[in-house]
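Residue numbers (our numbering), protein chains in the order written: chain V, 74 to 405; chain U, 17 to 100.
Bear in mind the hints are in silico, worked out from the structure with no lab data behind them.
For every residue, glycine included, the Cβ atom is placed at its ideal position computed from N, Cα and C.
One or more hints might be untrue.
[What the hints assert, rightly or not] The list that follows gives simulated cross-link-like pairs (lysine-lysine, DSBU-like), each with its CA atoms no further than 30 Å apart: (1) U/98 to V/379; (2) V/104 to V/121; (3) V/104 to U/94; (4) V/121 to V/347; (5) V/104 to U/99; (6) U/94 to V/379; (7) V/118 to V/350; (8) U/90 to V/104; (9) U/99 to V/121; (10) V/101 to U/98; (11) U/99 to V/350; (12) V/101 to U/94; (13) V/347 to U/90; (14) V/347 to V/172; (15) U/98 to V/104; (16) V/118 to V/101; (17) V/376 to U/90; (18) V/121 to V/172; (19) U/94 to V/172; (20) V/104 to V/172; (21) V/118 to V/104.
[Said to hold, decoys possible] Distance windows between CB atoms, simulated: (22) U/44 to V/165: 40 to 48 Å; (23) V/165 to U/49: 44 to 52 Å; (24) V/81 to U/99: 14 to 22 Å; (25) U/68 to V/216: 34 to 42 Å; (26) U/25 to V/380: 15 to 23 Å; (27) U/47 to V/199: 15 to 23 Å; (28) V/217 to U/49: 18 to 26 Å; (29) V/165 to U/51: 46 to 54 Å; (30) U/51 to V/146: 23 to 31 Å; (31) V/206 to U/99: 27 to 35 Å.
[Unchecked claim] Which bits of chain V does chain U cover? Going by a derived footprint, with three or more residues having C-beta under 8 Å, they are: (32) 202-215; (33) 311-320; (34) 325-331; (35) 351-365; (36) 389-400.
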Amino acid sequence: MRVILIGNFAYVIVFSVGAAVTLFLTPKIAKSMRDRGIVGVDVHKRDKPEIPEMCGISIIAGLTISVLIASIFSSFMNEFFSFLTVTLFAGLIGYLDDKGRLGPRVKPLLTALAGLPILILGTYDPYPVLPIIGRTRLTIIYPLLVPVAIAVTSNAVNMMDPLNGIMTGSGSIVTLTLLVSSCLLGRGDATFLCVGLLGCLLAFYYYNRYPSRVFSGNIGSLAVGAAIGAIVVIGRLEAIGVIALIPHIMNAFYGLASVGHFFERKEIASRPIKILKDGRLAASTGLDAPITLTRTILVDGPKREKDVVNIFFLLTSFSSLLALITTLIMVM
Amino acid sequence: MNVIIWLLLIQLFVWLGLIAGLWIVLEVIMLITLPIAGWAGALLTGAFRVGSSAALALLWLWIWIRIEYNYFWKEIRKEREKKD
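Please work from the sequences and hints to get the whole structure.
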């Protein structure tokens with residue numbers, strides 16, 4: 074009983090520290106970014122407000138401190154160090170992208186390299202447990218898939234940041250799903266990491282939700298995506314992670330399939346969505362605009378931005394439900 | 017069809033396809049051995065397993081994107097007709 078209480082206390086501390094650091098730092102970083110002129114235009118509002126960019130630094134700071142606190146309560150030092158290195162590496166790539174635009178082909182390659190600490194520190198298990206099938210042996214192919222997993226999750230989360238609060242809100246839902254799954258499957262390392270990340274994401278969502286007062290920037294979204302990818306690999310939650318991220322994968326897959334190659338938003342001539350005079354969003358009817366999940370959501374008629382955001386959350390909640398059913402199949 | 021229901025059904029299709037695909041690859045394709053002896057047989061069996069697994073994955077992705085495109089462009093056509 075005492076051990077359980079101490080364990081729960083540790084989770085509460087890790088969650089609270091991550092949330093408190095992010096809550097405290099975000100407005101300060103936002104002010105600093107605004108003073109330096111590092112702002113992005115919220116293109117989906119009629120008055121085009123300027124919002125401080127790159128505030129996702131606070132998520133990285135909160136996550137780093139919460140994981141350091143978590144290491145006091147547990148013995149997963151190697152796993153935590155590997156997780157932090159991957160997240161910080163992806164954050165650095167995001168910083169470089171925010172500062173100078175890395176290009177649509179360089180970014181996936183660099184984010185794949187961010188997965189190397191997991192391979193170097195050996196914090197992966199090449200015997201993943203899959204639903205229905207059970208434990209499988211993938212000793213040759215698994216190490217090759219680790220960098221791919223980090224590249225896919227970080228870029229899919231990065232691409233899933235089209236409207237206010239979607240990245241942090243859907244990221245929170247996915248992290249909560251991974252948290253519940255890690256508890257059910259008894260993956261202690263992943264439980265601590267999910268608790269820390271969830272605290273930071275919920276705190277950041279408070280500022281990032283519609284109408285946004287801060288933008289996370291690529292630094293925030295790539296770091297969050299890489300963090301989710303690292304949790305999935307380190308915590309051996311591969312199938313659950315893929316299923317929870319189905320809306321993110323759909324969004325990235327539709328974009329890539331319709332354009333035919335990796336692309337940056339700025340290089341697209343025809344935008345996938347447009348703003349009507351009454352402020353609602355509508356799908357572009359142009360043939361050359363990329364098909365994205367936002368455009369698909371708007372395909373049956375114009376909607377308010379807040380409604381589109383809520384549909385995104387509904388889709389992520391549904392994929393999370395499927396992921397939890399998958400977890401239950403694995404437990405049985 | 018309402019776009020929300022449509023997207024939920026697509027997610028269900030992706031989920032079922034993923035689980036069924038994993039089962040077919042790991043429990044069926046990976047157990048197939050070509051009746052050729054020696055190192056050539058082992059090489060061909062390996063190539064067959066990787067090739068057929070990749071083909072299955074590509075087929076799944078192709079069906080997925082075709083379903084999406086059909087629905088998406090049908091709705092876009094409806095919107096255009098409404099405007100006209």
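Now for the hints, and whether the structure bears them out:
1. U/98 to V/379: The given pair, whose Cα atoms are some 25 Å apart, holds under the 30 Å limit.
2. V/104 to V/121: Holds, because 19 Å separates the two Cα atoms, which is no more than 30 Å.
3. V/104 to U/94: violated (46 Å)
4. V/121 to V/347: Roughly 13 Å between the alpha carbons, so the hint for residue 121 of chain V and residue 347 of chain V holds.
5. V/104 to U/99: violated (45 Å)
6. U/94 to V/379: Satisfied, since the Cα-Cα distance of roughly 24 Å is no more than 30 Å.
7. V/118 to V/350: holds (10 Å)
8. U/90 to V/104: violated (46 Å)
9. U/99 to V/121: holds (27 Å)
10. V/101 to U/98: violated (49 Å)
11. U/99 to V/350: holds (16 Å)
12. V/101 to U/94: Judged against 30 Å, a Cα distance of about 48 Å means the pair is violated.
13. V/347 to U/90: holds (19 Å)
14. V/347 to V/172: Measuring from Cα to Cα gives roughly 27 Å; hence the hint holds.
15. U/98 to V/104: With Cα atoms ~46 Å apart, residue 98 of chain U and residue 104 of chain V exceed 30 Å; violated.
16. V/118 to V/101: Distance of about 24 Å is within 30 Å: holds.
17. V/376 to U/90: Within the cut-off at roughly 19 Å; holds.
18. V/121 to V/172: Within the cut-off at roughly 22 Å; holds.
19. U/94 to V/172: The hint is violated at about 42 Å.
20. V/104 to V/172: At roughly 18 Å apart (the allowed maximum being 30 Å), residue 172 of chain V and residue 104 of chain V satisfy the hint.
21. V/118 to V/104: The hint holds at about 21 Å.
22. U/44 to V/165: 40 to 48 Å: holds (43 Å)
23. V/165 to U/49: 44 to 52 Å: holds (47 Å)
24. V/81 to U/99: 14 to 22 Å: violated (58 Å)
25. U/68 to V/216: 34 to 42 Å: Violated, at about 23 Å.
26. U/25 to V/380: 15 to 23 Å: Given a distance of about 20 Å, which is inside 15 to 23 Å, the answer is holds.
27. U/47 to V/199: 15 to 23 Å: holds (19 Å)
28. V/217 to U/49: 18 to 26 Å: holds (23 Å)
29. V/165 to U/51: 46 to 54 Å: The hinted range 46 to 54 Å holds for residue 165 of chain V and residue 51 of chain U, with Cβ atoms some 53 Å apart.
30. U/51 to V/146: 23 to 31 Å: violated (57 Å)
31. V/206 to U/99: 27 to 35 Å: 50 Å Cβ-Cβ, so the 27 to 35 Å window is violated.
32. 202-215: holds (count 5)
33. 311-320: Per the Cβ count (5), the hint holds.
34. 325-331: holds (count 3)
35. 351-365: holds (count 3)
36. 389-400: With 4 residues close enough to chain U, the hint holds.
The structure fails to meet hints 3, 5, 8, 10, 12, 15, 19, 24, 25, 30 and 31 from the earlier list, while all remaining hints are met.
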